[in-house]
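Asks: Chain residues, written in single-letter form:
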Amino acid sequence: MSQQIETRQIETRQIETKSVGREAVISVRHLSKRFAQQIIFDDLSLDVYRGEVLGIVGGSGTGKSVLMRCITGLVPYGAGTIEIFGKDVQKLSERERIAMDTRLGVLFQDGALFGALTVLQNIQVPMREHLDMPKKMMDELALIKLKMVGLPANAAYKFPSELSGGMKKRAGLARALSLDPEILFLDEPTSGLDPIGAAAFDRLIRQLQSTLGITVYMVTHDLDSLFSICDRVAVLADWKIVRTGVPDELRKMPNHPWVERYFCGERAMSRSVS
Amino acid sequence: MAISDDVFEGFSHYADDSVGLHVEHESNIFRLKVSGEWTIREVARLQREIDNILMPSTLFSNHIGEIEMGKLDRLDVAGAWLINSTRKKWTARGLQTRLTGAGNEHETLLGEVRRSDEAGQPQIRKESPFARTLNDALQGVGGLGRDTLMILGFLGTIAASFVHSVFNPSRFRWVAFVHQLEHVGFRAIGIVSLICFLIGAVILQQGIVQLRYYGAEPLSIHMLAVLTLREVGVLLTAIIVAGRSGSAFTAEIGSMKMREEIDAMRTIGLDPIEVLVLPRVLALMVAVPVLAFIGDLMCLLGGGMMASVYLGLDWSAFVENLHASVTMNHFLAGMIKTPFVALIIGIVGCMEGFKVEGSAESLGYHVTVSVVKAIFLVIIIDAVFAMFLAAIGF
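Top to bottom, those sequences are chains A and B. Residue numbering for the first sequence is 1 to 274, as defined by the working numbering. Residue numbering for the second sequence is 275 to 668, as defined by the working numbering.
No lab work stands behind these hints: they were computed from the structure. There's no promise every hint is true.
[Claimed, not checked] Now the stretches of chain B that chain A is said to cover, found in silico as 3 or more residues with beta-carbon under 8 Å:
1) 317-326
2) 352-361
[What the hints assert, rightly or not] In silico EDC-like pairs for lysine to aspartate or glutamate, Cα to Cα no more than 20 Å straight-line:
3) A:K168 with A:E188
4) B:K362 with A:D139
5) B:K629 with A:E162
6) A:K135 with B:E323
7) A:K158 with A:E266
8) B:K400 with A:E140
9) A:K158 with B:E635
10) B:K363 with A:E162
11) B:K363 with B:D347
12) A:K135 with B:D391
13) B:K345 with B:E323
14) B:K400 with A:D139
15) B:K362 with B:D391
16) B:K362 with A:E140
17) A:K168 with B:E631
18) A:K135 with B:E635
19) A:K136 with B:D391
20) A:K64 with A:D132
21) A:K158 with B:E401
22) A:K136 with B:E392
23) A:K136 with B:D325
24) A:K158 with B:E631
25) A:K168 with B:E323
26) A:K91 with A:D110
27) B:K363 with A:E83
28) B:K362 with B:E386
29) A:K136 with B:E323
30) A:K64 with A:E83
As the structure is a computational prediction, the values presented were derived from the model and not from experiment. Each residue gets a CB set at the ideal place from its N, CA and C atoms; glycine is no exception.
Bound-form chain B, shown alone (with noise of 0.2 Å):
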């Protein structure tokens, strides 16, 4: 927003038509007289004058330029960079200009601003739109074998640490293992369970939607059942836990990060793997598959609840149809994976949080990257026990 004159018209001590420049040809002087209140909010306004005004020809006669300053009433840095600059253009252009009249503290100030112009230009960073594309895919590919790398260096150190509080269980944190149970544990219960149900009642209406066309809808049960006690299940706990407790570790041991409070903990002695890493690594690994499993229940809960809505089974028919369609496999293929899950959202999420630097957006954009890569990586991983399940038989 810019501001009209008339808000500082209470403000001014000066008349404003007082402010301006006007030019004047004497003999071979081409001279501008500068007068009134060459300030900041009027510097747009004189420029544009200045580039209106009509210059001398100086291929055929040898004029002289000339900025008298005697009627200048207050001047400030941006007035004095306009006339310094309005001194190298002329200049530049043949017209041999100096300045002259300029009081005593004008001069100070016109001085400081020549010799700040001539300090040097910042050099920009010019790279082509292709070549920056070019650079971030690079990037990106480097960063994907060196996160690779990282992960697998944390998880080796997480491995030693756990083997260290093996052998010495004192060590261990308890205390804020079970502080982290229960909130990345207890406390996501009610929204785990909230959202599984109503997939799981999703699930089946479209099932039996899609299957009505051949007369197949109590098949739709065995589909929830398998779908659920396999995928469904874990993958949405494992999104849920990563979105909620992945980035509260990255938020959390950021900004202890920020803060330098990781650096006081080596000082003192304390390994922040083992007081901030190991417990909530473990926490997850025991909460995950516990909650998996009660979103197991829910999604099959969700189903019956659809199933007696839109098939009209009452429950003793509904578990019947469970019991004929599951076999122990199908939970087990399901709760194998969440072990594997919790660690890789656990470790996504502390490491993502080491990596944060001073400031805030450092913090944000770890926060980001751990929620993203880990849901990524849980994909992942599902994918390849669903490969590798398949290939045994199991």
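Looking at chain A on its own, in the form it has when it is part of the complex (with noise of 0.2 Å):
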């Protein structure tokens, strides 16, 4: 157990030394939150550094769609500290919390569409809310989000109920890169499709992250998305991140209970056989 907790040690320090000169966007400290009775986090700490898409993994329940509700500003926290681009989210005035909405885009599970808007109305929405752009451009501008994310130029004139799960998604995904934002959050953006659904969801997601330079975080529970997206992967376990690393580096060393019957249980054992 102390070999345990050494070795985590050294490998934290690794990845700080690392992580040296790598600018973090979005850095959380000794973050603690309970409902009621029930601890969420107790003593967290996350970086999520410039330019990487990083994987957040945890059991069901164990807070991970808490914790990107938190530093998005949808749940207010308790003790600790949440910081984006160097300013508390807690601390924001609300004009400066309106300027860091536009900095962020959020891809809710189910794409969160609005139901009485056609799906071009919809990505245009932060547009015409946050800007004073002309009609053309903003349909233009949203035009050419729609075909970037993949979506038939068809689908412009539709409403969401017209949609499938996947192409709801990719609006989403759409609405959530309206403003070019610099940190795109996604809320387990391959639940729910099919595998060559979900693949193609992946390759989007790294495509745009390398075209646009955007900083991604996020949550999933997918196997495959983390071995072929993800640049780091943080572990929730214990209300605390317990591990962070290269997903082959965790597979390799788990260091923990839950990490490895993760990494190397048999669905990930298979996935690595074949």
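Hints in hand, dock the two standalone chains.
Replies: Right under this line is the structure:
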């Protein structure tokens, strides 16, 4: 046990040395949160560096989504600090809050598209709200976004209820990218998609990330996504981030029972064999 | 709301004056030098500046356009789109334009935007307002026919299910029936009573005011009694029930349809008509006659109160007047309608519920439609009965 802790400390030090010189766009320090009697986070710390794809994994109910909601400011937290671009998210004024929101894009699990608007109008909502732009320019920009996420041009005038699950996610992604955000939050982007659709969505995220140079914070369950597109993985267990590292590294040295079960379990192993 | 630049100041890594463009003219090259930050917050301004550039005439010279991006700090999709669309626009005007000096990552972004741009345009369904109105009208007429058929079909299904229950009473959902009876019947007594009481009072008061010219005020009691028993009591009750219970049926069944609970029932082998529709419709058919009866009484009570206030009649005189003007026929002519009215409200409420599709808007739409249709059909039924009863001299 003490040896385990030691290796973990060495490990953290390694990561810290590796990360010298990289700019942390999100840094969470000593975060604690509880709902009534239930502890959600206890002294949780996490850094997200500019330009990386970070995967957050953890068992059901460990608070992956809650963490994302804390960072994006949807849920207040207790003790600790969360800084985005070096600013404490709970100490922003209303105007700073809005300015911050325009630099973040969030894709919710089922897309969370506005049902009363067409896909094109959905993509334009952030532009309409935050920028002063001629209608024609908004149309063209929204159309570019639409095609960048791999939707056919004809989807532009459809309503969300006319789209399939995968298309809804793509449309949600286009809306998240509407203002060219610097950080993109994805909540289980591949859940509910078939393996082919999921792989295509992974490719899309990776490709957008490399073209646009954005930082991606991805909550996921999907082992395939982790191994194929994540630069780094953070594991949420026991109310904190227990391990961070390159996926392969975590598989070789799990150092934590949950991490071991996750990365060295049947599904992970069968995947690595194939 | 547009955010002014000062909000972003705290976050921006770049000085604002470095954003921009300027134009160079060198022998036959017309060069646009772009610099600084070409992002979505700037594109509207940059577009205006580009539109103001005076282009060289291409009639007599062989100019070449060039967009030079060596000093570009930051480029996002919107900026890349602007550069690409400027290139396209200039080329279309006869000025062959090329892009130079783009860094690697900017090159990828430009390539991606160009690829997306060429991926085809959506076909916009453009319809003239006239054609649309005509189309809507045709749809409406067609819908009327379809609805009639559907209501008949639904009626048949319910009837079949009812007959089935009669022969297998144990299959009938008694608990659901009693539960619905409480909700559509018992809990509606208060509101039905209140509204009928007030309307009865108003009818008598108006009758007195109008008949005073002829000195025939006591006749207003006759008018109130006949009107209430034949029409008003039933109609008011039906409208309240359609608004209260018809809409609730649609919302309940519709939300079950939305969450695939109806499909789940079918796969388990439950018949949604038997489980959901039959108890509701039967509860309504029991409750509405009772409610209408209570409504009749309350109308008369309200009228009686008005009579004592305006005409100074005491209760026994009022009741005597009623006896003189009302026959059993008037009462029955009203009550005979109630089960039919209940049936139509129940059918429309449940049927609209089954028409709900995946979205919440669809639910809201069908609840509205259910109430409007139910009230409309109630009035149609009322009119048909009025004509029929008049024809047979009832």
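Asks: Would you mind confirming whether the straight-line C-alpha gap from A:K136 to B:E323 stays at or under 20 Å?
Replies: holds (16 Å)
Asks: For the pair we were handed, A:K158 and B:E631, check the Cα-Cα distance against 20 Å.
Replies: holds (16 Å)
Asks: Holds or violated: the region 317-326 of chain B covered by chain A, criterion of 3 or more residues with Cβ-Cβ distance under 8 Å?
Replies: n = 3 at 8 Å, threshold three: holds.
Asks: Compare the distance between the alpha carbons of A:K168 and A:E188 with 20 Å, and conclude whether the hinted pair is satisfied.
Replies: Cα-Cα ~13 Å, so holds.
Asks: Given the hinted pair B:K363 and A:E162, is their Cα-Cα distance within 20 Å?
Replies: Not OK: B:K363 and A:E162 at ~35 Å, beyond 20 Å, violated.
Asks: Please work out if B:K362 and B:D391 have their alpha carbons no farther apart than 20 Å.
Replies: holds (11 Å)
Asks: Within 20 Å, alpha carbon to alpha carbon, are A:K158 and B:E635?
Replies: Judged against 20 Å, a Cα distance of about 15 Å means the pair holds.
Asks: Hey, A:K158 versus A:E266, does the alpha-carbon distance stay inside 20 Å?
Replies: violated (42 Å)
Asks: Please verify whether B:K362 and A:E140 have alpha carbons no more than 20 Å apart.
Replies: holds (14 Å)
Asks: Given the hinted pair A:K64 and A:D132, is their alpha-carbon gap at most 20 Å?
Replies: Given pair A:K64, A:D132 is violated - Cα atoms ~36 Å apart, limit 20 Å.
Asks: Has the given pair, A:K135 with B:E635, been kept, meaning a C-alpha gap of at most 20 Å?
Replies: Status violated; Cα separation ~27 Å.
Asks: With the threshold set at 20 Å, check whether the alpha-carbon distance from A:K136 to B:D391 stays at or below it.
Replies: Roughly 15 Å separates the two Cα atoms, so the pair holds.
Checked against the numbered hints given earlier, this structure breaks hints 7, 10, 11, 18, 20, 25, 26, 27; the rest are met.
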